[in-house]
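Engineer: We have chain H already, so just place chain X on it with the hints.
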Amino acid sequence: MPLLATKYFGAVSFDPADAYRFPQGLPAFELEKSFVLLDVASKRPLVFLQSAGSPDLCFLALPISVIDPEYELSISFEDLSLLELDTNRQPIIGTEVLVLALIAIQEGRAPQANLMAPLVINPQNRIGLQAIRSDSRYSFEHPVTSRSKQEELC
Amino acid sequence: MLVLRRRAGESLLIGSDVEIQFLEVSSQAVKIGIQAPKTVTILRKELFLTKLQNQAAAQGVNLTKLMDSIEEFN
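Residue numbers (my numbering), protein chains in the order written: chain H, 260 to 413; chain X, 269 to 342.
Same shape as in the complex, but just chain H:
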């Protein structure tokens, strides 16, 4: 199997058929159209979205249900079409689509998850995109803290 140069794990073997295609790239990274999801057992529930073309580009993400089990999608008609999903309804998280929140880490702050613009991947055709919501229901900088810490704060 070919090797993929990764940001955090050196060279790993991968099957190019496992890559996900992001036809539009990601906002600010429009030229990055192919990513591989690295699921590293010791780092769960984190997943690593490694660019197939740029070894230095690797996003950290969490399954959205880890952050908010009640999360409700609001994917636009255009984005549903691009994903080749039924445009008349929202897909079911976990079974029909894989939904991830990108994590941003800034020194001295809790990691932040972008719940306003989740990554949505259709596992059937391996097409993904960042589905930016146009409502203001969820934050783009939702603090990610452990549940026990949240309880301490309550």
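It is worth saying that the hints were derived from the structure and are not from the lab. Mixed in with the good hints, there may be bad ones.
Unchecked claim - Derived SDA-like pairs (lysine to any residue); straight-line CA-CA distance at most 20 Å:
1) X/319 - H/402
2) H/292 - H/273
3) X/299 - H/337
4) X/313 - H/283
5) H/292 - X/324
6) H/266 - X/327
7) H/302 - X/327
8) X/319 - H/289
9) X/319 - X/303
10) H/292 - H/397
11) X/319 - H/321
12) X/313 - H/397
13) H/266 - H/316
14) H/302 - X/331
15) X/313 - H/374
16) X/319 - H/291
17) H/266 - H/364
18) X/299 - H/395
19) X/319 - H/392
20) X/313 - H/333
21) H/266 - H/307
22) H/266 - X/330
23) H/266 - X/331
24) X/313 - X/298
25) H/292 - X/319
26) X/299 - X/286
27) H/292 - H/278
28) H/292 - H/337
29) H/266 - X/329
Structural biologist: The following block gives chain X in isolation, referenced to the frame of chain H:
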């Protein structure tokens, strides 16, 4: 923040070379037209915020420290 009330068909000016026209108003959405010089960047705010947050998310992290802070999700 300046708050103005405008009707469909009306417009307003920002500075001397940006014009915002209110084309259609419904209970759910407003359709606007913007005339501005090519040098003025116009972005949906949520796209702008996502770009910034993606750039922050692309920064390298210390994985050990990160895992310490979120390990209790496991």
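Engineer: Now look at each hint and say whether the structure bears it out.
Structural biologist: Comparing the hints with the structure gives:
1. This hinted pair checks out: residue 319 of chain X and residue 402 of chain H have alpha carbons roughly 18 Å apart, not beyond 20 Å.
2. The straight-line distance between the Cα atoms of residue 292 of chain H and residue 273 of chain H is roughly 17 Å, inside the 20 Å bound, and the hint therefore holds.
3. Pair hint residue 299 of chain X plus residue 337 of chain H holds up; C-alpha atoms about 18 Å apart against a cutoff of 20 Å.
4. Under the criterion of a C-alpha separation no larger than 20 Å, the hint pairing residue 313 of chain X with residue 283 of chain H is consistent with the structure, at around 18 Å.
5. Pair hint residue 292 of chain H plus residue 324 of chain X holds up; C-alpha atoms about 19 Å apart against a cutoff of 20 Å.
6. Using a Cα cut-off of 20 Å, the hinted pair residue 266 of chain H and residue 327 of chain X holds, with the two alpha carbons roughly 11 Å apart.
7. At roughly 18 Å between alpha-carbon atoms, residue 302 of chain H and residue 327 of chain X fall within 20 Å of each other, so this suggested pair holds.
8. With a C-alpha separation of about 10 Å, the suggested pairing of residue 319 of chain X with residue 289 of chain H holds against the 20 Å cut-off.
9. Only pairs whose Cα atoms come within 20 Å are accepted, and residue 319 of chain X paired with residue 303 of chain X is rejected, the gap being roughly 24 Å.
10. As the CA atoms of residue 292 of chain H and residue 397 of chain H are separated by approximately 26 Å, the hinted pair breaks the 20 Å bound.
11. Simply put, residue 319 of chain X and residue 321 of chain H have alpha-carbon atoms about 18 Å apart, close enough for the 20 Å limit, and the pair holds.
12. Taking the CA atoms of residue 313 of chain X and residue 397 of chain H, the gap is about 14 Å. The hint holds against a cut of 20 Å.
13. With a CA separation close to 7 Å, the supplied pair residue 266 of chain H and residue 316 of chain H stays within the 20 Å bound.
14. With a CA separation close to 9 Å, the supplied pair residue 302 of chain H and residue 331 of chain X stays within the 20 Å bound.
15. Restraint check for residue 313 of chain X and residue 374 of chain H: the C-alpha separation of about 15 Å stays at or below 20 Å, so the hint holds.
16. Distance restraint check for residue 319 of chain X and residue 291 of chain H: the Cα-Cα separation of roughly 14 Å lies within the 20 Å cut-off, and the hinted pair is therefore satisfied.
17. Proposed proximity of residue 266 of chain H and residue 364 of chain H is supported: the alpha carbons are some 16 Å apart, at most 20 Å.
18. Among the hinted pairs, residue 299 of chain X with residue 395 of chain H is consistent with the structure: their alpha-carbon atoms are about 18 Å apart, no more than 20 Å.
19. Between residue 319 of chain X and residue 392 of chain H the alpha-carbon distance is near 14 Å, which keeps this suggested pair within the 20 Å criterion.
20. Taken as a hint, the residue 313 of chain X and residue 333 of chain H pair is honoured in the structure, with Cα atoms around 17 Å apart against an allowance of 20 Å.
21. The hinted pair formed by residue 266 of chain H and residue 307 of chain H meets the criterion: a straight-line CA distance of about 10 Å does not exceed 20 Å.
22. Restraint check: the Cα-Cα separation between residue 266 of chain H and residue 330 of chain X comes to about 12 Å, which is no more than 20 Å; the hinted pair holds.
23. The suggested pairing of residue 266 of chain H with residue 331 of chain X holds, with an alpha-carbon distance near 11 Å, which does not exceed 20 Å.
24. Taken as a hint, the residue 313 of chain X and residue 298 of chain X pair is honoured in the structure, with Cα atoms around 15 Å apart against an allowance of 20 Å.
25. The suggested pairing of residue 292 of chain H with residue 319 of chain X holds, with an alpha-carbon distance near 16 Å, which does not exceed 20 Å.
26. Annotation: proposed proximity of residue 299 of chain X to residue 286 of chain X holds, straight-line Cα distance about 16 Å (limit 20 Å).
27. For a cut-off of 20 Å, the pair hint linking residue 292 of chain H to residue 278 of chain H stands: about 10 Å separates their Cα positions.
28. Restraint check for residue 292 of chain H and residue 337 of chain H: satisfied, since their Cα atoms lie roughly 18 Å apart, inside the 20 Å limit.
29. Distance restraint check for residue 266 of chain H and residue 329 of chain X: the Cα-Cα separation of roughly 10 Å lies within the 20 Å cut-off, and the hinted pair is therefore satisfied.
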